[in-house]
Amino acid sequence: MREERGRLCGWRRHGRRDAGRSGRGGEPGQYNCRWAGTRVPPIAKGSDLPELFWTLLAPKFIVVYLFVASALYVHLRGRVRHTFVRQLKDHSTIMAPYNTLMYLFSAVPSKPFIDVQKVPELAKLRENWQIIREEALGLMGEGQIRAATGHNDMGFNSFFKEGWKRFYLTWYGHALPSAQALCPKTVALLESLPKVNGAMFALLPPGGKLNGHRDPFAGSLRYHLGLVTPNSDDCRIFIDGQPYAWRDGEDVLFDETFIHSAENKTDVTRIILFCDVERPLKTRWMAALNRWVSRNIIRASATQNVETEQVGTFNRIYALFGRGSDVLTRLKRKNRTVFRAVKYALIAGLVYWIFVA
Numbered sequence: 003m004r005e006e007r008g009r010l011c012g013w014r015r016h017g018r019r020d021a022g023r024s025g026r027g028g029e030p031g032q033y034n035c036r037w038a039g040t041r042v043p044p045i046a047k048g049s050d051l052p053e054l055f056w057t058l059l060a061p062k063f064i065v066v067y068l069f070v071a072s073a074l075y076v077h078l079r080g081r082v083r084h085t086f087v088r089q090l091k092d093h094s095t096i097m098a099p100y101n102t103l104m105y106l107f108s109a110v111p112s113k114p115f116i117d118v119q120k121v122p123e124l125a126k127l128r129e130n131w132q133i134i135r136e137e138a139l140g141l142m143g144e145g146q147i148r149a150a151t152g153h154n155d156m157g158f159n160s161f162f163k164e165g166w167k168r169f170y171l172t173w174y175g176h177a178l179p180s181a182q183a184l185c186p187k188t189v190a191l192l193e194s195l196p197k198v199n200g201a202m203f204a205l206l207p208p209g210g211k212l213n214g215h216r217d218p219f220a221g222s223l224r225y226h227l228g229l230v231t232p233n234s235d236d237c238r239i240f241i242d243g244q245p246y247a248w249r250d251g252e253d254v255l256f257d258e259t260f261i262h263s264a265e266n267k268t269d270v271t272r273i274i275l276f277c278d279v280e281r282p283l284k285t286r287w288m289a290a291l292n293r294w295v296s297r298n299i300i301r302a303s304a305t306q307n308v309e310t311e312q313v314g315t316f317n318r319i320y321a322l323f324g325r326g327s328d329v330l331t332r333l334k335r336k337n338r339t340v341f342r343a344v345k346y347a348l349i350a351g352l353v354y355w356i357f358v359a
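Mapping of the sequence shown onto my numbering: residues 3 to 359, in sequence order.
Hint data in this document are derived by calculation from the structure and do not stem from the laboratory.
Possibly wrong hints are sitting among the right ones.
[To be verified] So the derived label-pair ranges between C-beta atoms look like this:
1. 129 x 63: 30 to 38 Å
2. 342 x 87: 17 to 25 Å
3. 267 x 90: 44 to 52 Å
4. 183 x 129: 35 to 43 Å
5. 149 x 295: 26 to 34 Å
Every residue, glycine too, gets a C-beta built ideally from N, C-alpha and C.
Given the sequences, and given the hints that come with them, work out the whole structure.
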């Protein structure tokens, strides 16, 4: 019995099995294997599996495995996908673990389009669409629906070169002062709807096109309400390859973490009410977590309509990188050799900081 116990526990004495002794370090009776630098759990003692196997089961590696698994799930979700290289660089990869948690606890189906009735309070926006439209037209006439004036809108920066423009109304618990002053009726409607996290007027000009992209945050769903549209199938959005054409007074709810693109092939400007809506979740504690993330992290991506309004932390950091990118672009035009040297030096420094420092 003692011999069998010693065999299972993996005791060693001077390189041989010994059922009755214990020790420390290289002394007689020490355990032969370790688990990620710690003593092996009793169930693993004496295992014939190599020590590397137990090392690879260390908590830090399990975190890596979960991250990779969630990133792959995000990449493979849906019929339309980015190339693997683009997905590696996409911000949705960074958010993959959190987003996978949202998908697991989602109270709505995992599909591109979602029944608007799943969020009943959105009916109030549809019922008042003409009031909202009137204020949107007033803003457009005054030139208030416009692109960002600098590197301070990281979420939509790539859209501006395609002619896309916006005017923010609310952003994750905060109504912008300019919106309160210029479109008070719309802001009042939005503030009466607790499930609406953020909203803006979004304009897509004639000939405008937005390439395929996925939004990074699965804690929200996307709501569009047609205000000024061509009422044509030539002005539409594709969600995971499925088309939807905007119409005046009609709305749609979809999961913006599926890849989507948009186009306006008409000669009429399109304006919609564009909202982030809290994703319905199955449990109260998960909903509470999502609200905390929304109000304390996503809110930090706030930007401005006018220069006097406050910009969130993430966009202030993004502005610094944007200015650095502008400097590198000018350097590239002036001297490509120096540009390459600086670029590779920065990459080497980043690798050193991550893996060595």
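Cross-check of the supplied hints:
1. 129 x 63: 30 to 38 Å: 53 Å, violated
2. 342 x 87: 17 to 25 Å: 20 Å, holds
3. 267 x 90: 44 to 52 Å: The hinted range 44 to 52 Å is violated for residue 267 and residue 90, with Cβ atoms some 32 Å apart.
4. 183 x 129: 35 to 43 Å: This hint is violated: roughly 24 Å between Cβ atoms.
5. 149 x 295: 26 to 34 Å: 28 Å, holds
Hint compliance for this structure: hints 1, 3, 4 are not met, and every other hint is.
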